[in-house]
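Please construct the entire structure, taking both the sequences and the accompanying hints into account.
No gaps in the numbering here: position 254 of the sequence shown is 1229 in this note's numbering, and each next residue is one more.
Heads up, none of these hints are tricks.
Here are the computed lysine-lysine pairs in the DSS-like style, where the Cα-Cα straight-line distance is at most 27 Å:
1) K1298 with K1481
2) K1090 with K1070
3) K1481 with K1502
4) K1450 with K1325
5) K1323 with K1450
6) K1502 with K1243
7) K1124 with K1054
8) K1243 with K1501
9) K1043 with K1054
10) K1043 with K1124
11) K1364 with K1177
12) K1187 with K1370
13) K1070 with K1057
14) K1544 with K1325
15) K1177 with K1187
16) K1475 with K1325
17) K1450 with K1321
18) K1057 with K1043
19) K1243 with K1202
20) K1481 with K1325
21) K1187 with K1202
22) K1090 with K1057
Label pairs and their computed distance ranges (CB to CB):
23) A1435 with E1046: 42 to 48 Å
24) T1078 with C1440: 55 to 61 Å
25) L1008 with Y1094: 28 to 34 Å
26) A1507 with C1440: 31 to 37 Å
27) A1435 with H1002: 55 to 61 Å
28) Q1428 with R1015: 17 to 23 Å
29) L1008 with N1549: 48 to 54 Å
30) A1175 with T1078: 36 to 42 Å
Everything labelled a hint here was simulated from the structure, so no lab data went into it. As the structure is a prediction and not an experimental result, all values here were calculated from the model. By construction, the Cβ of each residue, glycine as well, lies at the ideal position given by its N, Cα and C atoms.
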Amino acid sequence: MTTSEYDDDQKVERMKANMARIEELSHRLTEALAQREVTRPTLQAPDSDMFLHAATAYWTEMARNPSKALELQLDYWGKALKHHVEAQEVLARGKLQAPEDQTPDDRRFSNPLWKSHPYFNYFKQQYLIASEAMHDAVQSLETVEPREKRRLQYFTQQMVDMMAPTNFLATNPDALMKAVETEGESLVRGLENLVRDIEANKGELMVSLADKDAFTVGENLATTPGKVVFRNRLFELIQYTPTTEQVYRTPLVIFPPWINKFYIMDLKPQNSLIKWIVDQGYTLFVVSWVNPDAEYSDVGLDTYVEQGYAEAIRVAREITGEKQVNTIGYCIAGTTLALTLALMNKRKDKSVRSATFFTTLTDFSDQGEVGVFLEDDFVDGIEAECTDKGYLDSKFMSRTFSFLRSNDLIYGPAIRSYMMGEAPPAFDLLYWNGDSTNLPGPMCVRYLRELCQQDRFASARFTICGEEVSIADVKHPLCAVACETDHIAAWRSSFRGITKMGSRDKTFFLSQSGHIAGIINPPSKKKYGHYAGPDPQGTPEEWQDAAEFHDGSWWPRWEAWLRRRSGAKVAPRNPGDSDYPALVDAPGTYVVSSKIDAVA
976 MTTSEYDDDQ KVERMKANMA RIEELSHRLT EALAQREVTR PTLQAPDSDM
1026 FLHAATAYWT EMARNPSKAL ELQLDYWGKA LKHHVEAQEV LARGKLQAPE
1076 DQTPDDRRFS NPLWKSHPYF NYFKQQYLIA SEAMHDAVQS LETVEPREKR
1126 RLQYFTQQMV DMMAPTNFLA TNPDALMKAV ETEGESLVRG LENLVRDIEA
1176 NKGELMVSLA DKDAFTVGEN LATTPGKVVF RNRLFELIQY TPTTEQVYRT
1226 PLVIFPPWIN KFYIMDLKPQ NSLIKWIVDQ GYTLFVVSWV NPDAEYSDVG
1276 LDTYVEQGYA EAIRVAREIT GEKQVNTIGY CIAGTTLALT LALMNKRKDK
1326 SVRSATFFTT LTDFSDQGEV GVFLEDDFVD GIEAECTDKG YLDSKFMSRT
1376 FSFLRSNDLI YGPAIRSYMM GEAPPAFDLL YWNGDSTNLP GPMCVRYLRE
1426 LCQQDRFASA RFTICGEEVS IADVKHPLCA VACETDHIAA WRSSFRGITK
1476 MGSRDKTFFL SQSGHIAGII NPPSKKKYGH YAGPDPQGTP EEWQDAAEFH
1526 DGSWWPRWEA WLRRRSGAKV APRNPGDSDY PALVDAPGTY VVSSKIDAVA
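Structural data, given as structure tokens:
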């Protein structure tokens, strides 16, 4: 047998093997898709009335001002036909190349073939021309109110991003080249990845962002030494082992958001905020929330305040023997911390000495980018889901936040996984991003209705644990950290909330980057800078103009602020005491399980 014949036989065998794998995977795919539960349409997309209203407005404005509509149409067709003619002319001259390409740089089209190859370049330029036309059409609507217009712009952009030629095998040069290079093996691996994700999510298509086998919480994530010293139905309280010869007298309690797991602050030692705080000489307690299910259908915001915040503060005080603690609230936990502080002020409870807010919204008059999901069409669907099941499944919130950065968190990973056949990366941040939690129904609905939609805490009164409070009742010394490109908690809205609080002692830092990277920004990396300036007052823009920009992390500047409110140095405290013996090692059990009986 010649070498050529041997190679041909090998190719035939590989093809047979791939066909067998495809047949098996197709069968698994069919079975996996059959497991998919019917999801409420209101949790999948905005109400169709929004687009109907937009279409009506467009035709009405066209009737009133036909020249404007004609101008938009002519502009689109002129650009599309001009490019089509230019492409034809180049091919007519016998050149297999694209016409001149002046389109702006776009990471999706980084492959040189998007500029040089006539086939791929034609699809790219026509797509970009159509995208611009759709954007201009929405932008031109003058009779649609600004809030609705922002929603139209957002969801139009989502449709535009979904239809990008990069998202389809026939028009993606990277995927096609990979398929040729691997003799189709990459497509088979892509189908395997697709089937794996659908099976893992019970019929739902949710692309894996990270290699789930590369990390284990407590082994190579969340490894800062400590002990769980208290547990109730809602949370475990972790006290971390001291690493310094002395510690500051006033302990620090961190309340992380219960939408995700707390270990975003303890991914690995070199970027762990938890380890860094302990190494600065603080007695640190961190709340690890339970992942609720239908058994938590009775849990509302009052429960989080009474059984969560108040209990964690009480236990930290009793273990350390201190009258006061300092506190941190991150995102939704910061919002609820503000409610707790307002309640404490009304009750003349002096248990908290100071508060720090990470990327926290308390003024929802301008909800930022996430506001497109806070209209009644989505919230009605969430409320119906919570009423039926008692909780909101984590997949809905996870998907919502992913769509705020759809090219980075949906389409890009899907292309690499399903069309290129690549394994998800071993990336700790993306692993954590996929480890989200459910939300108790009553808490979720009340948060969305009364805080997000009605803005009652900042603009009126909000009832919590039987007391009426407002944002002005937050009078503790406070420091707030917001992030410049935050898609979830817009920094200007965070700033406005801080200015409305009743405290006379306010500090505000603005970090570069977004909701996570702007906070998890260790000094050793020397990556993102921050603004620090005068007391937060006036407009956000005025404050930023007056603030001074500093290179590097805000952590040391914040720690200096905290140090002045943490008392003298005392002997280090080992986790727990006779009344609160250590239950298990950190990171505890709730971070990996939602079932109380599994850890009882």
